[in-house]
Structure formats: C-alpha cells, structure tokens
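Asker: Here's the letter readout for the chains.
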Amino acid sequence: MTRILVVDDEPDTVDLVKSIMEGAGYKVETAYNGKECLAKVKKEKVDIVLLDIMMPDMSGWDVFGKIMKSKKKMKVAFISIIEVSPERKDALMKQGLKDYIMKPFTKDELLKRIKKMI
Amino acid sequence: MLPSLRSKIVLITSVILLLAIGANSFSNSLFFSSEYSNVLQSSVFVVGENLRSQLNRILKLGIRLEDITGFEEQCQETVESYDYIAHAMIVDTRGKILFHSDPSEEGRTLTDPKILDLLKTGEGGIQIITENGNEYYEVMIPVFGIHDERIGAVGMGLPVEYVSGKADGLRAQSIFIMLVSFGVATFSLIFFISLWVTRPLTKLTMAIEDMGKEGGLNRKVQIRSNDEIGKLASTFNRMTDDLKKSREKTEKYSDQMEDKVSTRTTELEKKVKEMNEARIATLNIMEDIGEANKELEDRQKQIENANRELKKLDKLKSEFMNIGAHELKTPLIPIVGYLDMMRDAKNLDESQKTQIETCLRNANRLQMLVNDILDMSKLEAGSMKFEMKKTDVLAMIKNSVVDIETEAKKQGIKVISKLPESLPKLVIDEYRITEVLANLLNNAIKYNKPNGTITVSAGHKEKKVIVRVQDTGIGISKSDMKKMFTKFFQADTSAKRKYGGTGLGLAICKSIIKHHGGDIWIESELGKGSAFIFTLPIKKQEGGNDEDTCG
Ligand SMILES: Nc1ncnc2c1ncn2[C@@H]1O[C@H](COP(=O)(O)OP(=O)(O)OP(=O)(O)O)[C@@H](O)[C@H]1O
Ligand SMILES: [Mg+2]
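Sequences listed follow chains A and B, in order.
For the first sequence, the numbering used here assigns the number 479 to the initial residue and increments by one for each residue that follows.
For the second sequence, the numbering used here assigns the number 179 to the initial residue and increments by one for each residue that follows.
Bear in mind the hints are in silico, worked out from the structure with no lab data behind them.
We put the beta carbon where it would ideally sit given N, CA and C, even for glycine.
Hints are supplied without guarantee of correctness; some may be wrong.
[Stated by the list, open to error] Pairs of lysine to any residue, SDA-like flavour, derived with a Cα cap of 25 Å:
| # | chain 1 | residue 1 | chain 2 | residue 2 |
| --- | --- | --- | --- | --- |
| 1 | B | K603 | B | Y625 |
| 2 | B | K409 | B | L572 |
| 3 | B | K507 | A | P534 |
| 4 | B | K556 | A | E507 |
[To be verified] Output of the computed footprint for chain B on chain A, the stretches with three or more beta carbons under 8 Å from beta carbons of chain B:
| # | region |
| --- | --- |
| 5 | 489-495 |
| 6 | 572-584 |
Here chain A stands alone, though its shape is the one from the complex (with noise of 0.2 Å):
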C-alpha cells in the first residue's frame, strides 16, 4: 500500500488532504513542521510526500533539499498557494521533484495527480 507524508503547518489542510487520501485507500502519515517531517521520514518507510512550502520553523525549499540529499527512495511533491514560474518549476523537477500542485485544489484533481506520481 502506498504511504503518504502529508506536511503542512496548518493541522486543517493536514486533515484534509488526510482524509481525501484516506479516502481513496492510502496509508497517510502527517508532519506539521519541516522537524517533524525529517523525523518521519527517516523513521518510518513513506512513498510520497505532500511538502507545504510557506511554514515558520523550516520552509519546504529546506525540507525538499534535505530529503533529496538523504537520497532515499521517495517521491516528494509540493503542495502550495505560492505560484513559481515555468522555468522554477523545471529547476526543481531536475533535482528530482515529483510534482507541483497548486492550492486551492479539488479532490479528483489531487487524487488524479497522486496516481500519476505513483
């Protein structure tokens, strides 16, 4: 079963995204500062991360650049309200993003996306 890192400093959109993966049959674990989400993923075994970007403590440029330079086998996207440019975007698909998706979203959109990263 696919297990997904859901982080974000906001618990709501945490519980949201969480019970829309829950929904469709994933394993979701949660993180709600960048901390928590290294923490997670060096402990337990995770396929996808949902990486929010604006957070207080670490932002989610520092906790994607971290987890890729861990080289674990996982594949992290971001998951924000910040709008970057095409050509970012292509920067941060090279070092090895998975995905870029914006919020607001909808549920099918997000599911839609997920099955697409695995």
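With chain A fixed as given, assemble chain B with the ligands onto it according to the hints.
Answerer: Relative to chain A, chain B with the ligands alone:
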C-alpha cells in the same frame, strides 16, 4: 520600607513557636491541675484510712464506739500533720459527729443529704459539700465493728479552694516557663538567622554593590558554608572571576584595537594630507568646478539615501503582501476542500445537496475574490513580479482557446479561431497575459447569448500585436464602456448574481496590459455583442531579430 528578611523570618517563626508552646503549656496546665486534684483526693483517702485503722485498733480491744473518749486528739493531730486537710471527724451511722478536730462541732448531726447517702452505702466515697460558705471535698470512709457491722465513718475535709489554688500556681508556673522558653527560642533564632543568613547575605549584597566600584572585581566574598548561601557566594565569586577575566580580555582587545586604529588613522591622515595638498593645488586652479562637484556629490548621496529608503519600504510592502496573501488564502483551502468532498457523500437529500453546492459556489467565489483582490493590490502597489521573456504568442492564444472550449460547449457556445500563420515573438509575462486572455474568454462565455459564438482573432501591425475576442452577447452600453475597466464594476446587479465574479477581472487585465506597454479597449453595440481588443508592443531587442516570428 518593608521589614528586613531577618525580621520576617523571626516574625513567622515566633508566631509558630508561640502557638506551639502556648498550646502545649495550656494543655499541660489543664492536665496537671486535674491530675493534681486526683492525687490530693487519693491522699486524703490514705490519711482517712490511717485514722480508721487507729480507731479499729481501739475497737478490737472490745471497746464500743460510744464508749471511746478523747479520739478528737487523733483527729486534731491528723489535721495538723496534713495542711490540705481542713477537718477530720468520726460520725456514727446516722451522721452524728462523735469526734471532730474542732471539738465544738461534736454532737452536731450532719444534714447534707449527699453525705447521708454516702453513709448508707457502706462503701464510702467523696462528695463536694458546702459548709459555712466554704466548699470541701468531703471524704467518707466507713468504720466496721468487731462483727463486721457498720457502725459509723471517718470523715475528712479537703478544701476545694486549696486544690484550685494549687492548680492556679501550677498554671502560672507553666506560663512562666513557656514565656522563658519562648524568649530563649526567639533570641537564639534571631542570633542564628543573623549568623547564618542575614550576615552572609549582607556580605554578598555589599560585595555586589562593590562590584561596580574601582577594583570591586578583585574582592572575594568570604562565606564558607555548605548551604545555599555558601553556594551562592562561591557562584558569585566564580562569576566575578569570569567577569574580571572577560573584562581584562575586552580591555586588552580594545587596547589592541586602539593601537590599530591609531596607526591606521595616522596613515590615513598622512594620505589625506597628501591628497589634500594635491587637491589644493588643483583646487586653486579649478575651485569653481570643485564646488560644483561637491554639490553634485551631495545630491547623489541624497538620491542614494532616498533610493535605499524606497527599496526598504518596497521590501516591507511586498513582504506584507506575501504574508497577507498566505493568510487570506489558507483558511479557504479546508473549507473548499471539505465542501468538495461532502458533495460526493451518498446519504444527502436534494436540499442538502443544493445547500452544499451553494456553499461551495460561494466559497469558490470568495477564493476568486481573494485572488483578484491580492492581484489587484499587488498591481497597484507595483509589487507584482512580471517574468518577462520571449514568448510564442500564437501558441499561447491557441492554448487559451483550448482551455475554455469545454466550458463553452457546456453553455452551447461555439468558439471560432481566426488566427494567422505566424506572429512575432514577444517579450511578455506569459502567465499574466494568459490570465488576461482567460478572463476575456470567460467573460465572452458568461455574457453571451445561448447558442452564441466567440471569435478569437489576432494579427500584427507595425510595432504591435493585436488580439481580439468578439462575442455575440448582451453587449455594453456607451456609458458603461467607460467604467468597464474600473475596479468592482459590474454592468447590472442581476447579471452579477447570475454569473458570479468579482468585477475585478477587467481592471486586472488593464493593469497587466498597461504594464506591458500595450492597450485594451472595447467595441460594442448593446444587444449585439461586444469585442475586447488588446495590443502588445513588439519591442526591438538589442541584437535580437525583428523578423523573429513563428507559426
Ligand atoms: N463580453 C462581455 N459582454 C458584456 N458585458 C461584459 C463582458 N465582459 C464584461 N462585461 C461586464 O463587465 C463587468 C466587469 O467584468 P469583469 O471581468 O471585470 O468582472 P466579472 O466578470 O464580473 O468578474 P471576474 O472578476 O470574475 O472576471 C461584468 O460584470 C459585466 O457586467
Ligand atoms: Mg470576468
């Protein structure tokens, strides 16, 4: 001023001591006085017993009680030997006094019913009686004849006053002891507190106060004890040591710095002097020019300062905008998300379904509004970031058309593209211009008539590319046309309710087009449809190719 630490501790402890000692001695005095009276009463019994055995010895000789004479002497002797016995007597079974320590009492018959009762029991006992205004513990011990028949009793009087007086004395004594021990305790308390607490603390305080004075850091607090104050003192000493060390270090460092600075300054001064000499020479020749130069320099500095200020403000503003945007958008995400999920729930009835749809539609509208307002304020503040780069406009237009085709089909509207083979490449922000096109196309759907058409055309003229979105919709009146691009303008409120939207779309479009150096306008006839046209300039690029077109 608040009382000193010592007096506070002394006060609290003395209150506790006083209470403890007081309670103790009070209970002691109560206990002792009742115990004392018991002891006295039983010794009266013993004395009475003694008197009775004297009488018994006489009776054993076969002499009858009535025949005994002079026994009052023994009674008197008893009273004299024991100062707590007021009187001693021998009575017969009816209470008639046969012998008494006071002979004048002899012959009298006791009348107190309590005593008479005692006489009848044959066991003896003790009763409180009043005689001549004095209270007595009256002890009665029965006397038996040779045939063991009850023939009378020995009576002894113990004054109640005597007993209570003794008890009072005891109480006074215990209060005295209490006061003395309290005093001693308090004084030793004061002494030890000052020895162990106050004096070391004062020492410490003085040392801390001294710290700021000359050489204060060299002073050590001399307190050697293992308690907290001792630890405090040694910590304090350690701290002053550290402070001293760091002060020495900074002093040394600042000395070095001073040295360095002064050598640098002399060097600089030398250089400045040299330069000045050179400049004076030059200035002599070109004084006027120099002055003008100086003024120019000042101006430049002013401008630089102003620029820096502006940049700071700008940064603040865009930071604020970013945070504000995040804060406004975030709460809407779970709202829209959950509504989106709820809509798929199975056990909803029709009205609940419409309610959720309404919520969702409005939340979406709010989301759009927030986005539009943020975009608008960014545009107005000039903090919108445009990423200008060479773009294939033709492909962009085609993509935009594809994007709205499904929605148009849903509404029964036909989309016709009249696009040229090729268009010059433009340096624009593709994302933003796509946004403009999307809004114009969406408006053309929203404000069209059923079975209407939308015609998208484009071309280029001299120095600009022209894009046109034509619809066959409700059209726009002349007077509305002017207001079209103002914020929040919506032609009529019924349309607003019907189509949703914020009335910001066109204002944003205009702002974006203006930023690109282009133009946007309307051609329309009420009831027949309207056309929105915008232009984008073809800028000559340095080293670029004007003929750089594509298709
Ligand atoms: N093609 C059109 N035909 C007729 N009226 C139009 C057309 N386009 C715009 N309008 C009128 O101009 C108003 C402003 O349009 P604008 O795009 O700024 O806002 P909106 O469409 O109401 O909302 P949104 O901000 O979501 O785009 C509309 O409310 C409508 O009354
Ligand atoms: Mg619009």
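Asker: Which constraints among the numbered hints does this structure fail? Numbers only, ascending.
Answerer: 1, 2 and 4
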